[in-house]
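Residue strings, one per chain:
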Amino acid sequence: MAIHYSEIQETIRMVQMESLDIRTVTMGISLRNCQDSDFEKVKANVYDKIVSYAGQLKPIAEQVEKEYGIPIVNKRISITPIAEILGDLSVDQAVELAKVLDKAAEKTGVDFIGGYSALVHKGMTKADQTLLEAIPRALSETNRVCSSVSIGTTRTGINMDAVGQLGHVIKETAELTKDQDSIGCAKFVAFCNPVEDNPFMAGAFHGAGEGEAVLSVGVSGPGVVLNALKRYPEADLGEVADVIKKTVFKITRAGELLGRVVAERLNVPFGIMDLSLAPTNAMNDSVAEILEEIGLESVGTHGTIAALALMNDAVKKGGAMASSYVGGLSGAFIPVSEDNGMIRGIQDGSLTLDKLEAMTCVCSVGLDMIALNGDAPAETLSAIIADEAAIGMINKKTTAVRVIPVVGKNEGEMVEFGGLLGRAPIIGVKPFSSEKMIKRGGRIPAPLQALIN
Amino acid sequence: MQKRAVVTVVGKDQVGIISKVTTVLAKHKMNIHDISQTILQDYFTMMMIVEMKNKDLLEDLLEAFEQVEAEMNLTISVQLEDVFQAMHRI
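Those protein sequence lines, which keep their order, are chains A and B.
Position 108 of the first sequence, counting from 1, maps to 108 under my numbering, and the rest follow consecutively.
Position 12 of the second sequence, counting from 1, maps to 1012 under my numbering, and the rest follow consecutively.
If you are wondering where the hints come from, they were derived from the structure by calculation, not from laboratory data.
Heads up, some of the hints might be wrong.
[What the hints assert, rightly or not] Cut-off 20 Å, straight-line C-alpha distance, at most; resulting in silico cross-link-like pairs (EDC-like, lysine to aspartate or glutamate):
1) A/Lys58 <-> B/Glu1059
2) B/Lys1003 <-> A/Glu65
3) B/Lys1055 <-> A/Glu7
4) A/Lys66 <-> B/Glu1059
5) B/Lys1003 <-> A/Glu7
6) A/Lys66 <-> B/Glu1051
Chain B on its own, in the form it takes in the complex (with noise of 0.2 Å):
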């Protein structure tokens, strides 16, 4: 079944963020949905909601993003979609 997966990205804000992250999903083959992005008090929040075709791929897809999160002093995280359904919808 296909999913969708809502992937943020909160760090200091600097150059070339959008870039890196959305250069590791377009390498995974994720195609994003919808995509947010805000400067709060120098921090940088980004909200991406992105299709996921294939739930293995998520694995490599977390440790393609700890290299950016290291490199980029960044917190990433993914999580399928229906956990903020399930919390926010009735």
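Bound-form chain A, shown alone (with noise of 0.2 Å):
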């Protein structure tokens, strides 16, 4: 069928000018037949297997970036849980295992490597006590690995043990990562509900229903959004969500159409798509502004969620309508570090912490990337993961927490994570204490899931 040259220039424009990009390509391999009794074959076997299958990942998506002109801008990978390979394995030798996957991220030329995960949204096992331990040293002793944690679910409740752990967790990987603004937390994930197939990161694994290879698409494109509402500047809310909607059709499209390319030509099944607006730093490119073209003089102003309801609900419409796998988290991600606005929100002071956390219950994801202050108890992150958990677990919607206590850095202070991590102003926790709650320890039973209002 003609291309009408209308159509191609509106696809260069929104490539060109608007930040289009498909912002990853993920291959999830499984590592479930790594196990060996010698540690020294565990290693051999992650490292092979990753290498084999993900090898060509990198050169293959840049040829077909090449061939279609529009950017892949991530090449990751995501893996089994390790903490479901770790069996009798100390702590020591799992952070070993850390730099074998940071060693086979190298050599494939991923940016990130994810799954340096547990699940013990029920119960802990051994091994996944073991991982809980190692996450510190891992995340500050190499580059590209990412962690994650599950610690509740709608079906199972919080395993408040866990929650209270995390704290710890990521008070110690701040410590250890002092020396660059506790980057290291930049890399680690608390979530409920998490989905098995979502090719972002820090949060990616291959879940245990997946198969031995996948490759799954994240798209993005808050900036080619945000340019389709600045051309209808009196539509009404109805035309609002319209216009997301047809905008989010065209860049969901593009994506399949090069993950599934992508995917032939590495020989393993097309997963999903993940329909994630994710803003960068680049200008225009942001997830707040566009709640601004709405008709909001600040982000985390009054009719903030509204709004946010909105376009979190049209952008699954038109990409639902897209593409026949929709997966991963799909959404809008709301990251105060990676979205110039929400930086400008803070700033500004219409944005907080309590509003971010409201703003979660509508949308994707949860609080993400948020500096906090870096003398933030354990016991209060651990209540934030709880308050979020909670959100997710009543809602029956994935929540995660990645937030980063600055060590030496106090509420106001810049700092800056550089590259897609981006900059992130610190917001001061409430000083008020959370202690007594997180020490009760515990499991918060599965809610009801009819008398539900």
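Using the supplied hints, reconstruct the complex from the two chains, each of which is provided in its own coordinate frame.
Structure follows, in structure tokens:
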């Protein structure tokens, strides 16, 4: 079918001026068959399997982006939650295994490898415990390894013993990477209701229901949506939703096409499209600015949640029609440090931690890339995780916490993480303690699925 | 499989743009199926649909276009047609 010139121009404008890109192609690789009683063999198995499956990921993805003229920004790997193959290994060995993963990631040229993870939402095995203890060192002694821990689900409730531990894990990680503004914490996520096929970092892992290897795609494009909305300054909110839907449809179709081509050439099945609007620090590539374009003076003010709910739903509707296999987190991300609009909102005082928390009720994930004062107590961090997890558990959605208590910094100061991770103003946590509640431990029971008002 | 690609050229209007660009295409034995060109506020915009018999030629083609881009201060992009079909047709 003939393509009209105005359509060609539209695509080119999206790529060249509005930061349309495929945010990530992520290859999921199962490591279940890498177990062995000999640790040296485990290391060799893990390294060889990752390198043999993903060795061509980067060159092939680069070739495809060249052919189609749409950038694929990140090439990544997700693996079986590593606690599942740890067995009786020691903490030192678990850290060593993280280094093997780092080496495999470096060899394949991917920027991150996710899945240094454990699923402990109901209880903890010995291997899970080993992994939790290894996380701070693993994240400080490697560059590309990302870690996540699932601490709650709607069907199991919240494992508060694990939540209590994670506060300390985050504190220790921050301390071990204090020379780099505690950046280790940017590679760690605590999840409630995690998804098994998420291609985005730091929370990607290759879930138990997945196959041997699979390729999933995360599209993005807040810039494209923002510019589309700018063309309709007078539209009513129904029309605004429609504009977002149509724009996301186009973005998703491009993403799925490229993803399928990459998967085919790598000879692995295509997994899912994750329709997430993921902001970057590039000019105008901001979710906050979309909300402001809808009609808020500054993100975080009254009306923010309504605007975000509208946008998040429209993104899903547009994307769901464009792709046969939608999965992952699919929605809008609201990371603070990676979104210039969010950063400005905090600096101007319109956006607060409490409002961000409320926003996570209606959008895709949770408290993301938020820098906190370095002296925030571990129990307070645990309590923040518990609050987010409760929102996810009750609302049957994924929620996550990726916060960075930056050692030596206080409320109001700025911290630079660099690269995709961006920069963030430090937000102060409440000075009142949550220690007693966290110390109680135990599990928060799974919620009723009826009587849900 | 035979593929078609979309070549777009944008830059300040000057003598010889079409000639330079089509010479490169001819050298790579690429047939032009459709061509359109306009000048908008001194800016030259051209779009062509070309037949791409052999995708392996793409690297060479992009390299040759890089020279033209530098020489005439243009932006040239080559994209396989499928991406436009995917984005604009159901």
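We went through each hint and held it up to the structure:
1. The straight-line distance between the Cα atoms of A/Lys58 and B/Glu1059 is roughly 17 Å, inside the 20 Å bound, and the hint therefore holds.
2. Annotation: proposed proximity of B/Lys1003 to A/Glu65 holds, straight-line Cα distance about 16 Å (limit 20 Å).
3. At most 20 Å may separate the alpha-carbon atoms for a hinted pair to count; B/Lys1055 and A/Glu7 exceed this at roughly 23 Å.
4. A threshold of 20 Å between alpha carbons decides the hint, and for A/Lys66 with B/Glu1059 the separation of about 9 Å falls inside it, so the pair holds.
5. Only pairs whose Cα atoms come within 20 Å are accepted, and B/Lys1003 paired with A/Glu7 is accepted, the gap being roughly 19 Å.
6. This hinted pair checks out: A/Lys66 and B/Glu1051 have alpha carbons roughly 17 Å apart, not beyond 20 Å.
Going through the hint list in order, the structure does not satisfy hint 3, though it satisfies all others.
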